[in-house]
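Asks: If you're matching them up, the sequences are chains A and B in order. Position 131 of the first sequence, counting from 1, maps to 131 under the numbering used here, and the rest follow consecutively. Start counting at 1 in the second sequence, then tack on 1000, and there's your number in the numbering used here.
If you're looking for bench data, these hints aren't it; they were derived computationally from the structure. The structure presented is a predicted model; accordingly, all values stated were derived computationally and were not measured. Where a beta carbon is used, it is the ideal one built from N, C-alpha and C, also for glycine. There could be a bad hint or two in this list.
Claimed, not checked - Part of the chain B face toward chain A, derived, beta carbon under 7 Å: (1) VAL1149; (2) LYS1152; (3) LEU1163; (4) ILE1199; (5) ILE1201; (6) LEU1212; (7) LEU1216.
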Amino acid sequence: MIKHWWKILAVVILVYVIIVGMTKPLSSGILEVSPAAVAAGQRMTFNINTYNTVFEKGGTVKAFIKIDSLHLIPAQNVTVLSDNAIKAAFNIPEYLPNDKKSWSYPLILSDAQNGSFVRPSVISISQKEVNPSLGKQNWSYSSDIKLFQNDEMRFPFRALIYETIRNTYFHVPLWFGMVFIFLASAIYSVLFLQSANPLHDLNALSFTRVGVLYGILGCITGAIWAKYTWGTWWTFSEIKLNVSAIAMLIYLAYFVLRSSFEDEERQARVSAVYNIFAFVAMVPLLFVIPRMVDGSLHPGNGGNPGFGGDDLDNYMRMVFYPAIIGWTLLGFWIATLVYRMEKLRYQSLDEDY
Amino acid sequence: MGLANEIFFLIRKELLLEWRQKYAISGILLYVVSTVFIVYFASQNIQNQAWNSLFWIVVLFASVNAITKSFVQENSNRQLYYYSLVNPLAVILSKIVYNTLLLLVLSLLSYAAFSLFVGNPIRHAGQFYLALFLGSAGFSITFTFISAVASKANNNATLMAILGFPLIIPILLTLLKLSANALGLIQDSAIDTDITILIAIDFILLGMSILLFPYLWRD
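Generate coordinates for the entire structure from the input sequences, incorporating the hints supplied.
Replies: Listed below in structure tokens is the structure:
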């Protein structure tokens, strides 16, 4: 039992990841605001549809249009229509304290039940003429505002992604796990070349099999996500999809190479050499090339595959990092099972001779 | 005999073999000319974007064809004789250097043939020649090593393609970007980084070839 602690750990972590990752709610968010545009100097009532909110539980709801960090326009009157819909009336001043003729500003909602939430660039305000100094002079709203906080564990609300943000705990860790599994496979190949012990080669083979399985699972989870957010299962204009497909080709070629030998010793040696070479060649493919190409649809700036900053908040990290460990350990476990199977096959072949 | 000396002699041997048989260079010349001819007939009016892709595809396939024979043109007994005579590292390094020269000639020939039949839209010649050189080196390192791997297996020619093409993609993508810049298709401010990346990939693969070849040649 004590020998198998890491398998238990894998199961515990994955159960935690699935339960927490799938059941914790998303933060409140703003789905829709209409009308989307208003002229400066007008009084306008906006219909705001929200997600995961409970306005009917009571309490005042505050709403602000954020011009900049010092200038916020508060709503004069907020009416709750239902749990997920409110009306907010704003008096937009004649002059804004900036020189933007027409610009989209963020809307902030805040109440005791749901906490505070923002939708960036959602209300467009156009000014007939710009006069920043007059705008600053005549600004009558206080910049000293108190926003409510909600400390419940909730995952971030992102437009377009919505609930599929939970796929972060499956799609991304599967790719991480794949890299670790291929690394383990390459290490077994190095051990084989040093020791010429055929069991190391069987290990390398087993890990490569599981690595390819993880790659395929990563592709499938990614395709489902892409269908939901980008509207297509697969797109060849996206560099990361291409490089992951190529990585799969590299390792599928490994199996073809293995099957082209009759001599076992030679098969093990040559495929170990190819496996190490392939792993090293895959590193620039997966980690350098996507950074070189601009305009990736994946999160991160300019095609940078790094995951961080605004893409992950602290609550997501509490699930995401364990998920990487959990999926990797599960992959290792599957690989040891495949290895035992391969070992039995190898030994039974030995007896036949 | 030092390693450098051995490499020098082996390259001389390769050149001498080539000079006597004139198989590779005449084969390559005809291959390139006929492929470029086909490219020309298949699509008469070629835009710069297509020029870039077609050029590198022609060079890629010609390279694979030129290098596949590296480890199979001489019979295995004679190779065993080489391995017992010189350091096996000298064998692979000499083949890499020789193949780089061969591919450089090949890509310059392709460039000449493209200029003749299709047109020459290159704007920054220096950058393009650099891409040709780094490309030849990268193709040569990868394909020479893969041909050493494939020569140990039964189905040599097929394996060469399925093992080599996925591995060459990082180099090929960087080359396409470099030469797109040389063609004036894109304005890349970070072209130095791309060149560094290409050189780094070439060196990493060269290092791996040197490290792994000692395990490969023994039978």
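Asks: If any of the earlier hints don't hold here, list their numbers in rising order.
Replies: 4
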